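Protein chains in written order, with my numbering: chain Z, 1 to 89; chain S, 1001 to 1412.
Each hint should be verified, as a subset may be incorrect.
[As the list claims (entries may be wrong)] Heads up, simulated SDA-like pairs for lysine to any residue below, C-alpha to C-alpha not over 25 Å straight-line: (1) Lys56/Z - Leu1406/S; (2) Lys43/Z - Ala15/Z; (3) Lys1055/S - Ile27/Z; (4) Lys1079/S - Ile27/Z; (5) Lys56/Z - Arg1392/S; (6) Lys56/Z - Ile1368/S; (7) Lys50/Z - Asn1372/S; (8) Lys1029/S - Arg84/Z; (9) Lys40/Z - Ser2/Z; (10) Lys50/Z - Lys1064/S; (11) Lys43/Z - Glu1126/S; (12) Lys1035/S - Ser2/Z; (13) Lys50/Z - Leu1406/S; (14) Lys56/Z - Met1284/S; (15) Lys56/Z - Arg1282/S; (16) Lys1280/S - Ile7/Z; (17) Lys1092/S - Asp1129/S; (18) Lys51/Z - Arg1392/S; (19) Lys1003/S - Thr1113/S; (20) Lys1160/S - Lys1280/S; (21) Lys83/Z - Trp14/Z; (22) Lys81/Z - Lys1079/S; (23) Lys1029/S - Ile7/Z.
Simulated from the structure, these hints should not be mistaken for lab results.
Remember, it's a predicted structure, so these values are computed and weren't measured experimentally.
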Amino acid sequence: MSYETSINESIKIWAFFDPSTPLGVNIFPIAMNWRRRLIKFHKLIFTSSKKIGEVKILNLVCASETANFELEYNTQNQLWKLKRIMPQN
Amino acid sequence: MPKRIILHVDLNSFFATAEQQTNPSLRGKPVGILKAIGRTCVIAASVEAKKYGVKTGMAAFEAKKLCSAIILLPADFDKYADITYRFINICKTYSPTCEVFSLDECFIDISETEKFFNGALACAFEIKDRLKSEIGDFMTCSIGISHNRLLAKLASSQIKPDGLFTITEDNALEILDQSDLLDVCGLGFGLYTHLVGLGIDNFPKLRLCSLYFLNKHFGSYWSLHLYNVSRGIDNSPVMPLAEIPDAKSVSRTYTTHRLLTKKEEILKLMRNLCEETANKARQMNLCGRYVGLALRSSQKSYWGHRTLKTYIDDGKRLFDLCCQISQSWPIDHVRFCGVTLGMLTKNQYLPIPLLPSDKRQLDLMSTIDRINKRFGDYTIFPAQLLGMDIVRPEVNGYFGDRKFRLNFLRNN
Chain Z
1 MSYETSINES IKIWAFFDPS TPLGVNIFPI AMNWRRRLIK FHKLIFTSSK
51 KIGEVKILNL VCASETANFE LEYNTQNQLW KLKRIMPQN
Chain S
1001 MPKRIILHVD LNSFFATAEQ QTNPSLRGKP VGILKAIGRT CVIAASVEAK
1051 KYGVKTGMAA FEAKKLCSAI ILLPADFDKY ADITYRFINI CKTYSPTCEV
1101 FSLDECFIDI SETEKFFNGA LACAFEIKDR LKSEIGDFMT CSIGISHNRL
1151 LAKLASSQIK PDGLFTITED NALEILDQSD LLDVCGLGFG LYTHLVGLGI
1201 DNFPKLRLCS LYFLNKHFGS YWSLHLYNVS RGIDNSPVMP LAEIPDAKSV
1251 SRTYTTHRLL TKKEEILKLM RNLCEETANK ARQMNLCGRY VGLALRSSQK
1301 SYWGHRTLKT YIDDGKRLFD LCCQISQSWP IDHVRFCGVT LGMLTKNQYL
1351 PIPLLPSDKR QLDLMSTIDR INKRFGDYTI FPAQLLGMDI VRPEVNGYFG
1401 DRKFRLNFLR NN
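Using the sequences and the accompanying hints, generate a full structural model.
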């Protein structure tokens, strides 16, 4: 059984930026457009960040109704990538 | 001495739980973490895998034998470092006297601050709640509460996962007597073997030994340590973040995926580790004049060092010295390499270069450092490292370089 599928594709994301949140990361992805499909997220499961040089990269794991998606947000060029898809529990 | 209240917070099965937090389909399943794909040593196991007897340090094939369903995943140290930093940020809000003990453990001395949080138990529950709300709902920790570090750490190991346990002066000896000698922090395998050799295999027996007897067999330092440990006495203070001592040495070690048989690839690895060590020293604004090199094959180990008259912080010079140290060694079949730079001082004490060639070299190094800081490690690297998988900086579980790491993380 596969526990994840690597994708690594650039995607379009609709996200909500909330500066008032106490969390380290204050971006909440709402939905994404991937391969002409609109996928809505209903929960942000996990966030982490790392730095490559001076560029901060955020990793966000979001749950939709059918699967979990790991997204990567480059804070310098503001581009999103779909890193991998993981099945739900 | 006023009675202290110390919390020991320990994230449960840290690396594995972090993976289960990220990927919910792994929750409830036995998970083992390898350092990288193709590695053979399990560096962490999930709570579910531990039930099958899988332990840290076990070979992957042994883990598979014990639990055929185990899911082996590569470690993601960037993720773990990020969680650690957020975990420390939570812990340090309860007291400025918060000691980062390792990547997943903190001691918090709340003697002065517990009244602001309605007592130690309320503090502990709040930490558990914040861990779930600020890091992830699958993250759990075990918390031990006691009047010293030794007993607080022992308390946190009593109930796992997600436990909370208090050791008071009344139950301290009872808990110690139920514990194995090796369960206590500060009593390692060497001391344990020596004690067992003398017929002392539990705490009641150790407590019966006089200080004179222990002194005769273990010397003045360890005898007092053992005498105190057996009685649950530990007066060591909790070391606050701001008082972490300066590094005494900088080193980088690496165990290879496979035996390195060609001299060229062994030298490449050595150069890579020299660059890593020198880079780290420069980032810490340090330079050193003691150079140590260790190489290990499946059969034999080699260790050598040089003490210089002048301080260095240059990877190439470090590599040249390592080549000198290893000149007479029959370098083949290498499995492990380690480079150390010791006798450190601040790099402002480095001699000012007088010759134009030395000045050029210094300028080149600082330019490369600036480029790598801006665009990422090894954007520019020595040509000797071409054609190899470059060993990059990463955190280690013991967080031995915590002063550097915490400053580094704070700046990110």
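Do the hints match the structure? See the list:
no., hint, in the structure
1, Lys56/Z - Leu1406/S, "17 Å, holds"
2, Lys43/Z - Ala15/Z, "12 Å, holds"
3, Lys1055/S - Ile27/Z, "37 Å, violated"
4, Lys1079/S - Ile27/Z, "17 Å, holds"
5, Lys56/Z - Arg1392/S, "18 Å, holds"
6, Lys56/Z - Ile1368/S, "20 Å, holds"
7, Lys50/Z - Asn1372/S, "15 Å, holds"
8, Lys1029/S - Arg84/Z, "20 Å, holds"
9, Lys40/Z - Ser2/Z, "23 Å, holds"
10, Lys50/Z - Lys1064/S, "32 Å, violated"
11, Lys43/Z - Glu1126/S, "23 Å, holds"
12, Lys1035/S - Ser2/Z, "20 Å, holds"
13, Lys50/Z - Leu1406/S, "14 Å, holds"
14, Lys56/Z - Met1284/S, "21 Å, holds"
15, Lys56/Z - Arg1282/S, "22 Å, holds"
16, Lys1280/S - Ile7/Z, "34 Å, violated"
17, Lys1092/S - Asp1129/S, "15 Å, holds"
18, Lys51/Z - Arg1392/S, "13 Å, holds"
19, Lys1003/S - Thr1113/S, "13 Å, holds"
20, Lys1160/S - Lys1280/S, "36 Å, violated"
21, Lys83/Z - Trp14/Z, "16 Å, holds"
22, Lys81/Z - Lys1079/S, "17 Å, holds"
23, Lys1029/S - Ile7/Z, "24 Å, holds"
Of the hints listed earlier, those the structure fails to meet are numbers 3, 10, 16 and 20, in rising order.
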